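> In case you want the letters, here they are:
2 protein chains.
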Amino acid sequence: MTSNRRTFFKKTGLGVTALAATPLLGKAIAPEKKAEFAPRKIPYELGMAGYTFVKFPLEDTLRMTQRVGITHLCIKDFHLPLDSSEKDIEQFHQKCAEYGIKGYAVGPIYMRNVDQVNQAFEYAKRVGVRMIVGVPNYEMLPLVDEKVKEYDFRYAIHNHGPGDELYPIPSVIHEKIKNLDRRIGMCHDVGHTWRYGYDPVKMTLEYGDRIYDMHIKDVTEASSKGTSCEMGRGIIDFPALFDAVARTGYSGKCSIEFEKDNTDPLAGIAECVGYYNAVHDMM
Amino acid sequence: MTSNRRTFFKKTGLGVTALAATPLLGKAIAPEKKAEFAPRKIPYELGMAGYTFVKFPLEDTLRMTQRVGITHLCIKDFHLPLDSSEKDIEQFHQKCAEYGIKGYAVGPIYMRNVDQVNQAFEYAKRVGVRMIVGVPNYEMLPLVDEKVKEYDFRYAIHNHGPGDELYPIPSVIHEKIKNLDRRIGMCHDVGHTWRYGYDPVKMTLEYGDRIYDMHIKDVTEASSKGTSCEMGRGIIDFPALFDAVARTGYSGKCSIEFEKDNTDPLAGIAECVGYYNAVHDMM
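Chains as they are written, first to last, in the numbering used here: chain L, 1 to 283; chain A, 1001 to 1283.
Same shape as in the complex, but just chain L (with noise of 0.2 Å):
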């Protein structure tokens, strides 16, 4: 990405609907000058969440992570169980690396009890990320606050919209996270919200402060009966989204969570990266 692209628009302060007025008389327009300050830097990330490879295997998945050009990776189960050893973590981080790529948490993770909550958390310490991706049953919340001080690690709930009886979306996980510990937070999945009926943008700036993760995705309409599709061919307005996460302060990984074509995902997930690279171009 260039630095003059993003801030041809800011710098001109015209879009194309005053410009189109303009008749073109042969060679008579001048090209724009281009822009010459620096662009402003997004403090967060294009990140990959591991479910979006449900069926493919750790190398696959690392291949077609390396190829959209995405570098870091929020680590499922089932490319790294819960009791891998060691010498398994070694290896995992080891394959990663030889793709350029880095896992920066784990999860989604469900923990409907004392043991899996201790388990989760002993896992992540293991495989050395400081924030877990959960899904907590309310009892267990009490535990994780506890959880939180004693390892340091953020705990982003996941919001999964219809369907989901504990957390649809960030407006219950607050409710439910407003008095415990700050590093309790929310794995915002944007689709899920709009699935439920709730306007993810509106989501973002009430509760951003409280975001610590992203699945971004589009889907096809607000309602349970939408599904994941490439970014830009649904209802999401991500323009507007990730403007609204930029003025959270947002800082963490917007990561793909591709469900469509689940079996052959990598050009709607290439699709998906085209549609972010070109909305944080024009930023």
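Quick caveat, the hints were computed from the structure, so don't treat them as lab data.
In this text the structure is predicted, and so the values were computed from the model without any measurement.
Note that beta-carbon positions come from the ideal geometry of N, C-alpha and C, so glycine has one too.
Mixed in with the good hints there might be a few duds.
[To be verified] Derived BS3-like pairs: lysine-lysine, alpha-carbon spacing no greater than 27 Å straight-line:
# : chain 1 : residue 1 : chain 2 : residue 2
1 : L       : K95       : A       : K1260
2 : A       : K1055     : A       : K1225
3 : L       : K260      : A       : K1095
[Claimed, not checked] Here are the computed distance ranges between Cβ atoms for each label pair:
# : chain 1 : residue 1 : chain 2 : residue 2 : range
4 : L       : K55       : A       : S1223     : 34 to 44 Å
5 : A       : T1263     : L       : Q94       : 23 to 33 Å
6 : L       : K87       : A       : K1055     : 34 to 44 Å
7 : A       : T1263     : L       : S251      : 37 to 47 Å
[Unchecked claim] According to the in silico footprint, chain L covers these stretches of chain A (three or more CB under 8 Å from chain L):
#  : segment
8  : 1067–1080
9  : 1225–1232
10 : 1263–1272
Mind docking chain A on chain L? Use the hints.
For chain A alone, coordinates are given in the frame of chain L:
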């Protein structure tokens, strides 16, 4: 693409830079009000240059083109030879229709002598398109000038950058055609223009009135060493380019000609499509 997405930035009149200074105060930030007016209609469309699929038969070409949501194809002779029979042509169109795709032009076709010019115009007529993307030897231009009148076709001369002795960039084409019938114009290959060291944005603004087709591709550097890459990963300022294209009133196709990974191009093509879609959603 939703109607309110592309109008968000225009309506608010606020870029991320302006907003970034606003601190996040819990739930204090009110969601932005969405734009209510209709977005500006972009009069041009995404297309696919047949050359992208130089290593693939027609069926694979159509399958991949359909998958990325493109419905307009510039037909290359390796998919429909110049000496195709009426039946071949009928079967070609039928196969395209099965994938919801329509040929909008033929070419690029090199025309070094009278027979090749005659053959190309007859071919285009039999195929049923109204535009030829061509590369005529200079001495063929008077004949091409007669033919466009006779057939009432558009004839778009393709520029090929470094190594192209005839038509490296639009300004060279323009010099050759400026006094010929206005149905003779150019197919602006923006990647090859930059590879020749000329900014395709400036070329678009200067010669847009004679640009009738486009090959869009990003390139790694502005020299003959530059190679094709995914849109957004190279040096072309596509937001500025499409702003320029829109300003000229262009109403043709912006056809992806992706030359990287030509035995496995789908992921790269998809990334280009995502990039194109986002730029246009934000225009």
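> Now tell me if each hint is right for this structure.
We went through each hint and held it up to the structure:
Distance hint between L:K95 and A:K1260 is fulfilled; the C-alpha atoms sit about 26 Å from each other, no more than 27 Å. Straight-line distance between C-alpha atoms of A:K1055 and A:K1225 comes to about 23 Å, which keeps the hinted pair within the 27 Å bound. At roughly 26 Å between alpha-carbon atoms, L:K260 and A:K1095 fall within 27 Å of each other, so this suggested pair holds. Between L:K55 and A:S1223 the beta carbons are some 42 Å apart, a value that agrees with the proposed interval 34 to 44 Å.
For A:T1263 and L:Q94, the Cβ-Cβ distance of about 29 Å falls inside the hinted range of 23 to 33 Å, so the restraint holds. Restraint check, L:K87 to A:K1055: a C-beta distance of roughly 42 Å satisfies the suggested window 34 to 44 Å. Take A:T1263 and L:S251: their Cβ atoms lie about 39 Å apart, and the range 37 to 47 Å holds. Counting residues of the segment 1067–1080 of chain A whose beta carbon lies closer than 8 Å to any beta carbon of chain L gives 3, which meets the minimum of three for the stated coverage.
With 3 residues bearing a CB less than 8 Å from a CB of chain L, the segment 1225–1232 of chain A meets the requirement of three and the coverage assertion stands. Given as covered by chain L, the segment 1263–1272 of chain A passes the check, having 7 residues with a CB less than 8 Å from a CB of that chain where 3 are the minimum.
Comparing the model with each earlier hint shows no violations; every hint is respected.
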